[in-house]
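Asks: Each chain, written out:
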Amino acid sequence: GSQEQHGGGSGAPRAGGTARFALPPSATPNWIMPISIPGYGASYNGVIRSTMFVPLYNYDGNSGSVTVDDPGSAADPPRYSADGKTVTITLKPLTWSTGDPVTSRDVEFWLNLVRAGKDNWGKYSEGLMPDNIKAFHAVDEHTFTLTLDKAYNPDWFTANQLSLVVPMPQRAWDRTSASGPIGDHDRDPAGAKQVFDFLVGQAKSLGTYATNPLWKVVNGPFTLSGFTATGEVTLTKNPKYTGPDAAKLDTVKFLTFTSSSAEYNVLRAGGVDYGYVPTSNLGQRAKLEAQGYRVEPWNGWSITYSPYNFNNPRLGKVFAQLYVRQALQHAVDQDAITSVIWRGSARVGYGPVPQDNDTKYLSQRQKTNPYPFDLDAARKLLSGHGWKPGPDGVLACSAPRLCGEGIAAGTRLSLTMLTESGSDETDGTMQELRSEFSRIGVEMKVNAQPLNTVLANGTACEPSDASCSWQLSYFGTQGSWYFPANPSGEQLFATGAGTNFGSYSDKHADELMSATNLSASDQPMFDYSAYLAEQLPVLWLPNPPYQVSAIDTALHGISQDPLAGLAPQRWFWTR
Amino acid sequence: MTVLSRLLARRTAVAGAILLVLVVLFCFLGPLLYGTDQSHTDLASARLSPGGGHPLGTDELGYDVLGRLMVAGRTSLIIGVLAGLIATAIGAVWGAVAGYTGGWLDTVLMRVVDTGVAIPALFLLLVAATLVTPSVGVLALLIGCVSWLVPARLMRAETVSLRERDYIRAITVLGAGRTRVVFRHIIPNAIGTVAVNATFQIADAILLVAYVSFLGLGVPAPATDWGAMLSKGITYTFDGAWWLILPPGVAIVLVVCAINFLGDGLRDAFAVKGRR
Amino acid sequence: MTRYILRRLVLAVIVVLLVTVVTFVLLHLLPGGPARGVLGVKATQAQIEAFNSAQGFDKALPVQYWDYLVRLLHGDLGDSYTQNSPVTTLLGERLPKTLLLTVVSTVLAILVALPVGVWQAVRRGKASDHVTTAFTFVLYATPVFFLSLVLIILFAQVLPWFPAQAAQGETIGELLSQPGSLVLPILAGTGAALAVFSRYMRASTLDNLAEDYVRTARAKGTPERTIVWRHVWPNSLTSVVSMLGYYVPTVFGGSLVVESMFNYPGVGLLFWTAARNADFPVLLGVVLVIAIATVLGSLLADLLQLLIDPRVRVKGARS
Amino acid sequence: MSEPVLDLRELRVSYGDGAPAVDGLSLSVAPGEIVAMVGESGSGKSTAALAVLGLLPASATVSGSIVLDGQSILDLRDEALRKLRGQGAGMVFQEPMTALNPLLRIGFQLAEAIRNHDPAPKRHRHYHARCAELLGRVGVPDPAARLKQYPHELSGGLRQRVMIAIALAAGPRLIIADEPTTALDVTVQQQILDLLRDIRDTEGTATLLITHNMGVVADVADRVLVLKSGQVVEQAPTTQLFSSPEADYTRELLAAVPRLGAGVHPEPETTPERPVLALSDIVVEYGGRRVADSVSLTVAPGEIVGLVGESGSGKTTLGNCALGLVTPKSGTVAVLGGPLPRGTGRAARAVRQQIGAVFQDPASSLDPRMTVAQTVAEPLAVHTSAGRAERRKRVRELLDAVELPESMMTRYGHELSGGQRQRVSLARALVLGPKLLIADEPTSALDVSVQAAVLEVFRRLHEEFGFGCLFISHDLAVVDSLCDRVAVLRSGELVEQGPAATVLRAPEHPYTKALLLSSPVPDPELQRSRREALADPDVNPAA
Ligand SMILES: Nc1ncnc2c1ncn2[C@@H]1O[C@H](COP(=O)(O)OP(=O)(O)OP(=O)(O)O)[C@@H](O)[C@H]1O
Ligand SMILES: Nc1ncnc2c1ncn2[C@@H]1O[C@H](COP(=O)(O)OP(=O)(O)OP(=O)(O)O)[C@@H](O)[C@H]1O
Ligand SMILES: [Mg+2]
Ligand SMILES: [Mg+2]
Ligand code: NI
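As given, the protein sequences belong to chains A, B, C and D, one line each in that order.
Residue 39 is where the first sequence starts when you use the working numbering, and the numbers rise one by one after that.
Residue 4 is where the second sequence starts when you use the working numbering, and the numbers rise one by one after that.
Residue 485 is where the third sequence starts when you use the working numbering, and the numbers rise one by one after that.
Residue -4 is where the fourth sequence starts when you use the working numbering, and the numbers rise one by one after that.
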């Protein structure tokens, strides 16, 4: 077929134009309101929304470490009081497309709605936003203060809490029905709930996104001009935008695809300006480059791992032994997996802090890999603790005294990995693990299931639960944990935390994690990185890229933000 | 002439049988002559093109493709044969009971078959594969359990026609029970039809195994079958890795063809009206 | 005759009902449920419970089934968990595309296979019969995905005549705007059906050629060509027609594979994605559509038979 | 004598490399002559007929010469051969059910026969008038309407007439009729034979009639040719053949033919108090259609009751009622004084032990997967706990009784001849020593000589075992030779019943009379007078 021309151009920036961006398969955008309800938290909803509704604080990792993106934020940096319990924030002089300025009232509006509808807010965690805001006080039109329930680490609070806040156009949205009057309904809890419900109802009606007057009131560089049933989104430059971050392009189109190979096909035909290459097609990099694309992995602000189920009745006590986890970690050949299975696009990961970028959070201990690939070391660890190979070559505990507490004689090192099916990379990684494990006498069975099943089954449980039969689980390529700006691990590794699926529990780790949230210094984060890299609460595995992008060489202004932000307002053509 | 001599008189059937024997030898005895490690990955020698120590190259995890073809063939053949036999057995009994009993039981049994026909087998397999971990036995059972409908229909038709035979009437008049009639008279007399259909069922089951693996529900690695090899290989179509695609593909085509030739020969030898 | 048709209709409805029962029960055997998949890894237990009760998953299975049936009767197939749109919308969008693919390839297959089958039967035992028969055997033995692959390699890579993938687009018009991209998927679908139909037709023609009425026709001096096309052809056709209805699920099964090979945005692909995401409502919807298509297919085949075969008209009227 | 229409010289046909099916047949048929070819099943009659039109399958090798209408068939190629078919000779086959294409209208199939030989073929509609005329000629009522009908809408007799019309369509000089009446009822058979004769008389067409029914031969043929194993045993004018057959084989054949009026019927005994079978007021309906209408019938112990009637009159249905295979809508079936229990419970089996059954089709009456011994032992296995030795002994006794050698015990059904198979069926039916036997046309599929032998065995067994029997048959002569009493069934109604001697010699009901007159007897002289009587409306109101 005929291919569209890519690349080339004079190199000089050109105003206007259209860029076509490929969304990941099945990642259809389906939410527009700045407060998302559960199940609508797909990352692209946020990306598209933030081009229309500027968040209070936007973070990105473009500078090499994760910091506030000032032009993309609606407020100047916050000022924390000496006791750390009060934050004062000043808004930038942005205006809504109706002409009204963005004011403190718009922030209060957001806060009131979130308070009223927090149970139905996708990002709510008990004790955190909005529970940790004791009072809102508007100082003037552009300045307000928040009173916190206790002193927090300012870095963490801004990055992980204040970044959730998005000013919303109170003077356009504060109504309880489409025809109802605008008022201060949000100021009493019942009214706020009504407004919340009304807006959620409107947001559920995808077909009206491009036409509903509500969503036309924006303060960001773009406004939504098209939204089709399949989720194809068209953004057009907002001519009324008054901030420092005006769009350079006229139009940005987000295209949807049924599968990654469908996308790749269109990409090869030139129908996409900014797309991605499935790992299996990385062998054709040269062809793409010849076609005028640059191919770049887009690394995520994330970690990838496989949790041990410490509550598993059969193997929980075995996993509880650090030497077992060490032996298993020694048997993971991360270099081979990244270079062969991921074809060089993934990055090794040895601990709880994202390792792609050299950030201030990353400890030396984690970075230098405490447990490099070393089968002999692994074997030694196990044989040294009383594990002897049985007739089938699988290790069994022959000296319970040495094996460790709660491990009966004869316990076999045979474990089952519950893993996502349908991904070649995951299949390959699992086979490689199984193969290396078998070389140290550990039998690993792979139970591949649809991602949903893995997610639903591999959850935290009590040893007595029937659902506690899983031993190790891997969410695969979709399951990497993406951090907000601050990579604190309290949701993952704290005792009893919501996403602590393996029921890992370590006093010292808990202390370190709460310190990262509360202390103003970076040291606890550093210590946390080193400690968990050594303690192996999970099996650390290579971290796949967010995607491997193929970008038209004439499309500039793109920085592949590890936080998965896009900032399309900064893109521009040189052709 | 006996069934066997009539079968031997058909050249295509003989060719099919010989081909099958060769493939079975290749899959089951091949590994003794050409030993390869099919349980440990070797990432260092992944995706090698044919040549050197690997006549058919290696795959994306470093498995030797020729050796893998043998191991995979074993899985495909075993599952195919077992599933074909299970489907035939269930179908034969089901159809015979429905056809012989008649009346409301027949209606109910055949409505169940209609329902089964209306639900795509792949859907049932998709659901089933998430409920149980696939293994050779489980897959054979599953595939057998979704493909018994055709033999059941066939068997019912056969039974209905047999039921009108005088010897069945004579024995019924004598007061012989249903079980006796179905198992002693009807099923043995439908054996030709059943045997012919069984061969076709086996061929279809081997294809179905391939489809199931193509959809990612096959036996868990490092075990594999031709369909799984093929579907993994498809990923590398555009990389020109033909040795990952052609060998398993051709193997499937050859075996299924051979069985069909054999089945056709059998059908003629038994002189039954088959489905083709 | 109307009684016969009515009876067939009632049976058809019963079968469709049975299908809904079976699929509903099967899907509810699935472990875990969709909550976590829909809400994501980060969902809290409370959110999951809220989701389950909103979806009615905490009710007894029969109650859920009844609710489902009631909604079904109102034309409501529920909403997809992952695609945030009603299943009917999704089906409405995908179904025409799948129909385009399957109908065109099935019709093509029939148009080619039936005459070929007859031709083979007439030339039975000759070299040309052996060659074409062997060809159909090979075609039959080729899994659709391998056939698709061979087509892609031959006609998209070696000879870059057609694109390897179907056009993506929301409407059927967008698909048709790139007819070249439909060639390979349609060919793959045709190939599979071709093998089945021509083998069937050949056998059926052979059976009919051995019938007494052929001898009668010969005895009165009818030319061979007339015997084949005026006498044998309609008779062989009736048995092929009766097979057509049962062929519907196979067609859909095939399109599942063809669509995923060529990224054809039809029901098959929808089904496949839904299966991987445990998207119950979509799965139920698709299975229901296929079941109804199958039942309609066999109903249609019966009616066609009613048209072709005067004997059925009488039998039908009596029973 | 004018030039023969058909002239066969030393015709030899063999299939594959087996023994020749036709072995040195020479035969000529003159215009206006009806030549009958008789012989038992497998003697090569059909093969010879097919050879005449070059319709033999490719596996057949033919030698000798066949001259039809002056042309040598064996030298003709495709198109010339095609032209000769239909025009040189028209053909009528045995089975009217399958010989017509079920999906095409009668009009089409008939018009085609004309059109095939029209030098300037026109649309089918063009020939309709001629078709209607032809149908009228062969005695199909309302011909114009029939043209629009499909074969299944016609009765067997009408279909056979259509076949004859097709054979006549191109104005052939010869009609080859291969058992044209074997599948038909006697009354219909009579009409078809009349038609054939009439065609010969008016059109002067020669006819080659193939049959195994000596009565038919006596009725219509001018000359007869007796075939045995592909060879001509005897060839003679009809009257001569019947009056003074020369070959032994011909004589045997004639002797084996059962004759009406040949039966010897002892005075009926006084009816005993408890009949073995009592059907009273039986009504059977299929989909609202009555096929048995208040039929009452009894069979006394040791008595053979013949049940006769035309095809579809409900004979088998009644037999099935007695066997419990059909449940009547109303009325009662009593076996051995008690009602016939349903199911396969203990009580039911006790009654069923007392009933045996023999059916018509020898090919399907034995389980092909069982040996003769197993087949005969089957009832023992179902009903008794007899040990192997005991069973074996009993089986041997029975085989002796039906005059089968012990060597047969290990044979399978398909390794036996039709007559042998029916003997095995008899043995199986009698192995438990039943009090009642239901025999549904047990010999009608057999050749006359075989039939005679089986009937002989049957008679002997009856004497030996003394069972009561309901003997269903459409052959009045057989019934006459065997039965004590006869019941005549017509469309589900019993029109007449009584002692065989009375019913068959001095029938009261006109239907019985017609039936009797329609059965041709193997005696040309007698048959001629019977035919005349049949045409006389005083004697035959149906005429
Ligand atoms: N197509 C065939 N192939 C092989 N053998 C055949 C074929 N047709 C007939 N025969 C054999 O040829 C012999 C003569 O058969 P044919 O049909 O001519 O006998 P027939 O006298 O017409 O018998 P019937 O009275 O049963 O019709 C038989 O032994 C038969 O088995
Ligand atoms: N199972 C059935 N369903 C519907 N109609 C039937 C069935 N069996 C028989 N009949 C009809 O009942 C009538 C009597 O049939 P039956 O077989 O008793 O006749 P018959 O006297 O034995 O005839 P034949 O001499 O041809 O054997 C026929 O018209 C037949 O079509
Ligand atoms: Mg014959
Ligand atoms: Mg009968
Ligand atoms: Ni043989």
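Hints listed in this document are in silico derivations from the structure and should not be mistaken for laboratory results.
Ideal Cβ positions, reconstructed from N, Cα and C, are used throughout, including at glycine.
Errors might be hidden in some of the hints.
As the list claims (entries may be wrong) - Output of the computed footprint for chain B on chain A, the stretches with three or more beta carbons under 8 Å from beta carbons of chain B: (1) 309 to 323; (2) 328 to 340; (3) 369 to 375; (4) 460 to 471.
Unchecked claim - Label-pair restraints from in silico Cβ distances: (5) T405/D with L28/B: 51 to 59 Å; (6) A47/B with A504/A: 52 to 60 Å; (7) A47/B with D235/A: 53 to 61 Å; (8) V667/C with A504/A: 51 to 59 Å; (9) L490/C with A160/B: 19 to 27 Å; (10) T405/D with V163/B: 54 to 62 Å.
Claimed, not checked - A few chain D residues that face chain C, going by a derived Cβ cut-off under 10 Å, partial list only: (11) L50; (12) L71; (13) D73; (14) Q82; (15) M86; (16) Q89; (17) M92; (18) R100; (19) Q104; (20) N111; (21) E148; (22) A162; (23) A164; (24) R168; (25) T405; (26) Y407.
Asks: Name the hints, by number, that the structure is in violation of.
Replies: Of the numbered hints given earlier, those the structure breaks are 2, 5, 6, 10, 12, 24, 25, 26, listed in rising order.
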